[in-house]
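Participant: Each chain, written out:
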Amino acid sequence: MNTSGNRYSMSPIHLYFVLYVSLVGVGLMNFQYKMLRGAEKDGWISILAAAVLISIILKMMFVLLSRQSPGQSSLVHINQRYWGRIAGSVLNWIFILYFLLGAFVAYRSYIHIIQLWILPTQNNLLLGIVVLLLVYYCVSGGIQSVTGMCLWGTIFILVFVFPQTFLVTSYLHPRNLLPVLDHNVTSLWLSTRDMLHEFIGCGTLLVVYPYIKTPGRSLKWAYLALATATIVYLVFFIYSFMYFNHGQMKEHLWPTLSLISIIEMPLIQRMEYLVLSFWLLKVLSIITLGLWAACHCLKMERSIKPSLGLKLAIVLFAVLLFVVKDTVDIDMVTELYTRTGEILILLYVPLLFIISLVRKNMGGSDGHEDMLGQPKGEEA
Amino acid sequence: MNSPVNDNQHKSNTPHDPLDPCRRSDDFVMSTMTVSGLAFEVCYYKTLVDSHLLEVAIHSLQERIPSSEEVNLHDVLSHIPIEETKVTDQDEEMVQSLLQGSLLIRPCGQIHEVILVPMPGKEGVRSDNDTENEFSVIGPKVGFVEALPVNLHLIRTQLRTPNLIIKEMTLGSLSQSQVAILYMDGIAHPENVSRMEDRLKGIDFDAVLDTSQLDQLIADNSLTPFPLFTTTERRDRVIYALITGQVAVISEGSPSFITGPSTLFDFFVSPEDYYLPWALGSFFRLIRIFGVIFSLFASALYVALMTFHYEVIPKELLGKLISSRQNVPFPPFVEAIFLETTIEFLREAGARLPNRIGQTLGIVGGIILGQAAVEAALTSNVLIIIVSLSALASFVTPIYKMSNAIRFLRFPIIILAAIWGAFGIAIGLCFLLVHLSRLKSLGSPYMAPFYPMRFRDLKDSLIRASYEQTVKRPSYLRPLSFIRYKPGRIHQTNQLDEE
Amino acid sequence: MTRRSKGILAVMAMLLLSSCQDTSIVNEISLVLTSAYDLKDNQIHNSVLIGEYTEKDKSDVELLEIDSSNSFDVMPRMNMQAKEPIEYGQLRMMVLGEAYAKRGVGDILSVLAHNTRVSRRMQFAVAEGKALDIIKASIPAHDPLYLMKLIEQNGNFANLPHFSLHQTLFQYFSKGQDIYLPRLRLNDQDKIMLNGLVVFKGEKAVLQLTDEEGLCLKLLTEDAKNGKFLAQTDQEGEAKKQAANTTDNDALIKILSSSVKHRMVSDTPAATLDSKIHIRASVIKASRNDFLLSGQEIKELEAEMKRHMESKINQLIRKCQRENVDPFGFGEYVRSRTHHWNNEAFYKNYGSMDIRAHVELTLIQDGIQE
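Chains as they are written, first to last, in my numbering: chain A, 1 to 380; chain X, 1 to 499; chain C, 1 to 370.
Don't read these hints as lab results, they were simulated from the structure.
Every value quoted in this text rests on a predicted model; they were computed, and no experiment measured them.
Cβ coordinates follow ideal geometry from the N, Cα and C atoms, glycine included.
Please note that the accuracy of each hint is not assured.
Claimed, not checked - Listed next, with one range per pair, are the computed distances between beta-carbon atoms:
{"hint": "1", "chain 1": "A", "residue 1": "172", "chain 2": "X", "residue 2": "389", "range": "49 to 55 angstroms"}
{"hint": "2", "chain 1": "C", "residue 1": "225", "chain 2": "A", "residue 2": "227", "range": "37 to 43 angstroms"}
{"hint": "3", "chain 1": "X", "residue 1": "404", "chain 2": "A", "residue 2": "253", "range": "55 to 61 angstroms"}
{"hint": "4", "chain 1": "X", "residue 1": "355", "chain 2": "C", "residue 2": "28", "range": "42 to 48 angstroms"}
{"hint": "5", "chain 1": "A", "residue 1": "250", "chain 2": "C", "residue 2": "354", "range": "29 to 35 angstroms"}
{"hint": "6", "chain 1": "X", "residue 1": "326", "chain 2": "A", "residue 2": "231", "range": "46 to 52 angstroms"}
What the hints assert, rightly or not - Covered by chain A, per the in silico footprint, the following chain X stretches (three or more residues, Cβ under 8 angstroms):
{"hint": "7", "stretch": "310-318"}
{"hint": "8", "stretch": "448-458"}
To be verified - Sample of chain A residues with no beta-carbon within 10 angstroms of chain X, all distances over it, derived:
{"hint": "9", "residue": "36"}
{"hint": "10", "residue": "70"}
{"hint": "11", "residue": "94"}
{"hint": "12", "residue": "124"}
{"hint": "13", "residue": "131"}
{"hint": "14", "residue": "167"}
{"hint": "15", "residue": "185"}
{"hint": "16", "residue": "333"}
{"hint": "17", "residue": "347"}
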């Protein structure tokens, strides 16, 4: 850790954790249900296709960011540089709201699931407020505590939850997955789109990039994170579809949780109560990452102090907790988020990428003052 | 004889004084004495040499040499009554002998030929300086006492290198206590040292009674229950800390050192791990960590399961758990708090009881109270087992301050479990993890090597790798020199067809 | 600072109080462990066994009964009789009365499918007659989980296939398989006994299978272990007549492991299915009261047993085909091998399909064992 400079820089390993957290969202619990609309049991093809598409997007992001000068390689600066002050500002605000929306969707969905499964009679508000307090405490520690939380969230899922799923093996019916390719391309594309909605959180890379110690060599960690996320989704997908058949899956809104429900260990049965509670570690990291990205962009954009921005965001979340009340509202907000994400990540980022290839600039040959006052230079 | 003066600012006129490396440390003394008109420099480490014997030696020397004769080095030599005194001009030998506790005499201004007088070392330990609170089965049991010079002497005798620097300062407006900072020059990062020094210098306090007060005054975060510096009474722990690049501080009148920067995992390290084979050391370390996790969460899990999540209890245990709680009038939360508080009473009282009453009351408290509570159906016997096991498990940490932190942290987690069940425990765990990720000890992260993740250092955190593997110092300390030693080892090659 | 700490105290008090009434403290609730549904004059009659753990090291049961007009509100109505709130989270066994099963179990299965608190490992059984009698007969055992243990144990160590709520729901929602459940009855001494299986068509019970047929079903649907069957061996005329009334000529075979593989021979709607079952078994008793058999004798016995099993299994398949039920999951299998499988078309031809089972049997000599 570099403390002599005034900027925290994290070693590339942490990019793995941060990116894993952005890629695997709360959707892990019910993405199989969404698959039923499209490819059903051929969804594993969709998962792989979505992973390939996202890897292309990641590579584009990396190239785009590495072609900027080191002090300027963040989303806010890119937008301002490419589109000028006003349009760039507008775009930055859209991104800020997008990150906030992502964090809120994860937050609300998780509180909703907890209420349905574990604590049905508890007051929504209190649960929400306590989690918000936790979020505030984490984000106010800056990117260090956010990255730390990402590490713990990832370790929790990979070390404790993932191996348990293999205990379900005796209940599986592999025949459920056959025959292969029983669906046409349209339904496969529909499911691929749904899976892309799961992976859409990778936009935080654009904000985190300046903090990576050796950004050039961290692409492999990003790919490793994507590979891990794909494997996790694949395993949960395959296991759920081997466990439930089509008709049964329609009755279960959260197949992953129902899957974990049957695991029985010597001292504990009905693991899903404990697994779902400790999933908080993972969800917290998703929320805090999104919030931190939004606050950071806010600071870069408007020079609003991050702590003020954080407090505003927390209050906003608390208010929205009242507004977004039931499943219908949550679905609506999630739809909004995924549609925006589609446009921003799947269309806008490639656009930036193409512009960066064409423009070949990085430090402000168009006359904009460098924020850190460093001499402008050219980067390959 | 002139009074000894700390002469560290004395720069010799000649370019290369072989005693230069020794001057950096505050406990190196150079004083002058006159023998028949000629000025001699007498140099020694005051923490290694018994000053009383020194006085006697110097005094007898001055008496024996007649005042009128011309003296040179060899004349002085012949008058020194101590065996094995010699003259040398080897720089290496000079420094080494000084570190062995010798006296070095040379004429002022001349640096090449010197007399080395081996002095008997200080005995100076209290009649028993066994470590009372940090016990180990094998390994030295040498602990520190309340006198600063003695403690420094103990350290110097095991680190016989001029690179061990001892800096002294005075703190405490009323107590005017001497505080010593120790570090290895060439290993410890200068920033760590300067940070420690600056923080200590910035303290304004009235009476420094124990090093632990310094620990809190210079801590990065005063709101945390976790100890940010390793506090130890054992000599081998301090030596180990120094050679890996930590900075050690002790104040006068205190038998414990604090070393920093430390990480969370330093508190689970026992010196015994290094004296046992590495597989055993790793196993015991893992048991300690499991013990701490159990201690933190066991009672809370009991409260959560019994209050909210009855479905999680397996059907075989169901009958037992329910029947154990029959007729208990309180909810599990009150039961758990009641028992935990009782254990805390026991612990607090046990620490202050005079020896003879202690044993009887221990039996009364522990066994009879427990039995009676169960039979009166005020608590369930399952909970008593859990609570006492977790109380026991909280003491597995070799450093006392960490077990305090764990005992304290159990209560909020139980309260959270009573409010929201397993989700409450998750919230507590999250708070803990965020808090730990934010903590810094002397500016370096508290959760290293897990966060920030350094693969290389993981070898010596949760497990203890063999001596062949721990060749490099931990990187979170940012030592100036990484390699500790070269892992040569004679490998036995076993051919299948040889015996 | 004081204002802040007052605020914190207030929040903490609020938090502590907020959860006061939402708890289900484990010794203050009534845990339903076994439940029974009966049809009584068009009303649903529900009876439950609740675990009583007042005495240490001993468990006891309490019986509660209620009537209702539909399957959905029996659970809330039962609460009106209970002194502690009734909780279903540990429900482990459900017995369905014969009449109720014949009327249709779809309701109760839907209720259970949507109730996340009920464990997916729950067991089912169909009673011969009234379910209430069955669970009343289990009361003297003072173990509320007696029936569940009966069925689980038989599934693991005897001829019964494995069951669970998950499996039943799986079969219910599947378009290519029908539900089958174990059958319980009371014998002459009023003790509960397993008596074969009941196969459902959709949600209604239609067909009963004997114990031996149950074993054949187990061999066809899962990897069986520990089943035992008694088979008559061929003897020449005289000896056979003489031995007709004794078990001298029967061989007792214990199945050590088995596996099944299906194969589709042709792809058209009137498909031909071939099932191959590999059985590894050991001989507990051979027909001539000999305990040690020579290699040649083992081969002969193998061949006989193979014929015996094959004929039994094929008989079972025919029987099910006649009734147009498919507990084996042949529909599921064909679905996995056909693109755009249509279950209706399949089941129209189901009765005339040519389904054959082949058995490969390996016998090993079981040491000195009875």
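Participant: Hints first: check each against the structure and report whether it holds.
Facilitator: Evaluation of the provided hints:
1. As the Cβ distance of residue 172/A to residue 389/X is approximately 38 angstroms, the hint placing it in 49 to 55 angstroms is violated.
2. Taken as a hint, the range 37 to 43 angstroms holds for the pair residue 225/C and residue 227/A, whose Cβ atoms sit roughly 39 angstroms apart.
3. Our hint of 55 to 61 angstroms for residue 404/X and residue 253/A is violated, since their Cβ atoms are close to 46 angstroms apart.
4. About 46 angstroms separates the C-beta atoms of residue 355/X and residue 28/C, a value consistent with the hinted range of 42 to 48 angstroms.
5. In this structure, residue 250/A and residue 354/C meet the distance hint of 29 to 35 angstroms, their C-beta atoms being roughly 33 angstroms apart.
6. The hint said 46 to 52 angstroms for the Cβ distance between residue 326/X and residue 231/A, and at roughly 48 angstroms that hint holds.
7. For the stretch 310-318 of chain X, the assignment as covered by chain A holds, since 6 residues bring a beta-carbon within under 8 angstroms of that chain's beta-carbons and 3 suffice.
8. Restraint check on the stretch 448-458 of chain X versus chain A: 6 residues with Cβ-Cβ distances below 8 angstroms, three needed, restraint holds.
9. Once the 10 angstroms rule is applied to beta carbons, residue 36/A is consistent with being away from chain X; the minimum gap is 27 angstroms.
10. For residue 70/A, the shortest C-beta to C-beta distance to chain X comes to about 20 angstroms, beyond the 10 angstroms cut-off, and the non-interface label holds.
11. The beta carbon of residue 94/A sits about 29 angstroms from the closest Cβ of chain X, which is more than 10 angstroms, so the claim that it is off the interface holds.
12. At roughly 13 angstroms, the least C-beta separation between residue 124/A and chain X is larger than 10 angstroms, which holds for a residue marked as non-interface.
13. Remark: the non-interface label on residue 131/A conflicts with the geometry, its nearest Cβ contact in chain X lying 7 angstroms away (cut-off 10 angstroms).
14. Non-interface call for residue 167/A relative to chain X: holds, since the shortest CB-CB distance, roughly 15 angstroms, exceeds 10 angstroms.
15. With a minimum CB-CB distance of about 42 angstroms to chain X, residue 185/A clears the 10 angstroms threshold, and the non-interface call stands.
16. For residue 333/A, the requirement that its beta carbon stay farther than 10 angstroms from each beta carbon of chain X is met, with the minimum near 22 angstroms.
17. No Cβ of chain X comes within 10 angstroms of the Cβ of residue 347/A; the nearest lies about 35 angstroms off, and the non-interface call holds.
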